[in-house]
Every structure is written in structure tokens, then in C-alpha cells.
Amino acid sequence: MEPKPRWLTILDIVTIVLLVIATYMVFFYAPMERVMGQVQRVFYFHVAAGWVGMLGFLVAAIAGGVYLKNSRRYWDIVSLAAVEIGMVFAFINVVTGAIWARPIWNTWWTWDPRLTTATIMLLIYAAYLMLRAGIEDPDRRARFGAVYAIVGFLSVPLTFFSARLFRTIHPVVIGSNQPGAEGAFDMTPLMLQAFMFSLLTFSFIFADLIWHRVRLGELADKVESLKLKTMA
Amino acid sequence: MMLFTQLLQEAPAETTGYMIAGYAVIFGVMLLYVASLYIRKRNLLRDLEVLEEMEGDE
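The listed protein sequences derive, respectively, from chains A and B. Count the first sequence with the numbering used here and you get residues 1 to 232, in order. Count the second sequence with the numbering used here and you get residues 233 to 290, in order.
These are calculated hints, taken from the structure and not from any lab test. Some hints here could point you the wrong way.
[As the list claims (entries may be wrong)] Distance condition first, Cα-Cα at most 16 angstroms in a straight line; then the derived EDC-like pairs of lysine to aspartate or glutamate:
1) A:K222 - B:E281
2) A:K227 - B:D289
3) B:K273 - A:D221
4) A:K229 - B:D289
5) A:K229 - B:E284
6) A:K227 - B:E285
7) A:K229 - B:E285
8) A:K229 - B:D279
9) A:K222 - B:D279
10) A:K229 - B:E287
11) A:K222 - B:E285
12) A:K227 - B:E287
13) A:K229 - B:E281
14) A:K227 - B:D279
15) B:K273 - A:E224
16) A:K227 - B:E284
17) B:K273 - A:E2
18) A:K222 - B:E284
19) A:K222 - B:E287
[What the hints assert, rightly or not] Computed spacing ranges between beta-carbons, pair by pair:
20) A:A184 - B:T248: 14 to 24 angstroms
21) A:I174 - B:V266: 24 to 34 angstroms
22) A:K222 - B:S268: 18 to 28 angstroms
23) B:L277 - A:D186: 32 to 42 angstroms
[What the hints assert, rightly or not] A few chain A positions that, by computed beta-carbon distances, are all more than 10 angstroms from chain B:
24) L18
25) M32
26) E33
27) G134
28) D137
29) R140
30) R141
31) R167
32) T188
33) L200
Every residue gets a Cβ at the ideal spot worked out from N, C-alpha and C, and that includes glycine.
Please build the complete structure, drawing on both the sequences and the hints.
Next comes the structure, spelled out in C-alpha cells:
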């Protein structure tokens, strides 16, 4: 494995510092929402995690497209790394949403369009990881992964726009809410600052994690090809 | 009395437990993922060492 680049160490440090500041802003800088109380603070990292989830799936689709064009293994590694990180954060998004919903909607779960599309999106990418694991030939696996990442990405805009297109109780952060949205609130300037900072922090977390995950993928690739060579 | 009722109505809901649960999930899952990256890297480096030794023997 190549030695850890200096820029990656710097990115690690910057990301940790940003996460500490964002956590401070969420708990001590942003005011408490008057109706929902403390649980509203889940919103900052809930939305930021959703953003990273969707960003991961977008990067996976782009990397998949690049792989289909030039067949370089590196882009398959990037695509897989992005899906994996996207899954982790989409999962955080769904679970924290359910935790927020319990006191606000009086239920952990409801088959609302936004919740349903988010779950379908998560399952689509879970299937991606499972199906990939079942293909032994690396080139076939990479080709399959690239096509799947591109087609699977259709679920991302569907999830994003579901709260805007369909009748839903899920609040919308940017844009106007549906009349039936429950748990919507007006962000004060301090809340908006904490929210934007959380988005920035999670973008850094994504960049940092994907760099680490790609390095791990390259190492796994090296081990796999050595194994094949030894077995031959 | 009216002021008391008004104050009661304006008090935010007590939802601290849910907030703690939410952030426990956020930090817990992120930490688990970082730990999984570390463990996978450690195992792969071990595999690589063994494979390189085997290759050297041949």
C-alpha cells in the first residue's frame, strides 16, 4: 500500500475540526425550536446525512459512466466506494428520520412517498452490494457495477423530488411545504447557519471517507490479483 | 391563571431523549464505519504480507 499522502492527513484533521465545530453549532449555537423542542436538532445532521447519501450515489453513477468509457479499474473502485459511503449515510438519514418522526408524527414509520422512495433507494443500493459480491470475474463485476450504478441513480432524483411532487407529510427544507406537511418550521438565521455548516462538514466527511475507501479498494484489488496469480 | 395556561401552551415538547437517540445513531454508525475501514485495511495488509511471502518462496 502506498504511504498515506500528506494531503489526506490534512483532510483528516480539517474534517475532525469541522465536525467538532458543527456539533457545537447544533447543540449550543442554534436556538431550540419552540414547538418540537430538542428533537428538532436531529434535523441538521439528518439532512446533511441525506445529502451525503445522494452525493455518494451521484459520484457512483459518474464513476460508473467513466469506467464504461475507459475500462480503468480505478473508476470501478471509486464507484463501489461511493455506493458504500452513500449507503452508510442514507441509512443514518432514514433511521434518524424515524427517531424524529416518533414524537412529531406520533409514529416511527409511515408509508409516506418520501419515506417509501428513500427506503427503495436504500434497498436498490443494498442489492448492488449483494449482487456484486456474487460475481467472481473482476471485469464482469466492474461492468455490471457501472451499469447498475447508473440505472440505480434514477431512484435518487425520485427520492429528492418525492416530497415536492407528491402529497406528503414530510417537510421540505428548500422550497415550499405541502399543505399536509407536519413538523415544518421556519429557520432562524442562526439555525440556517448551523444547517449550512453541517452540510459543508458532511461534504468534507464524504471527501475524506471516499479517499480512504478508494485507497482500501486499491489495496483489495492488489491482494485479489496476487491471490489469482498465486492460485494459477 | 390565563398567563399560566399560556406559558404551559408555549413550552416546547420534551423530546431530549429522542435527540440523544438520534445523535447516538449518527455518531455510532459513523464510528462503526471508520472502524470497519481500519479493520479491513489491517486484514488486507496481513493477506498481502502472506501472499508476497508465498510469491517470494516460489
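Which of the listed hints are not met by the structure?
-> Hints 23, 25 and 26 contradicted; others consistent.
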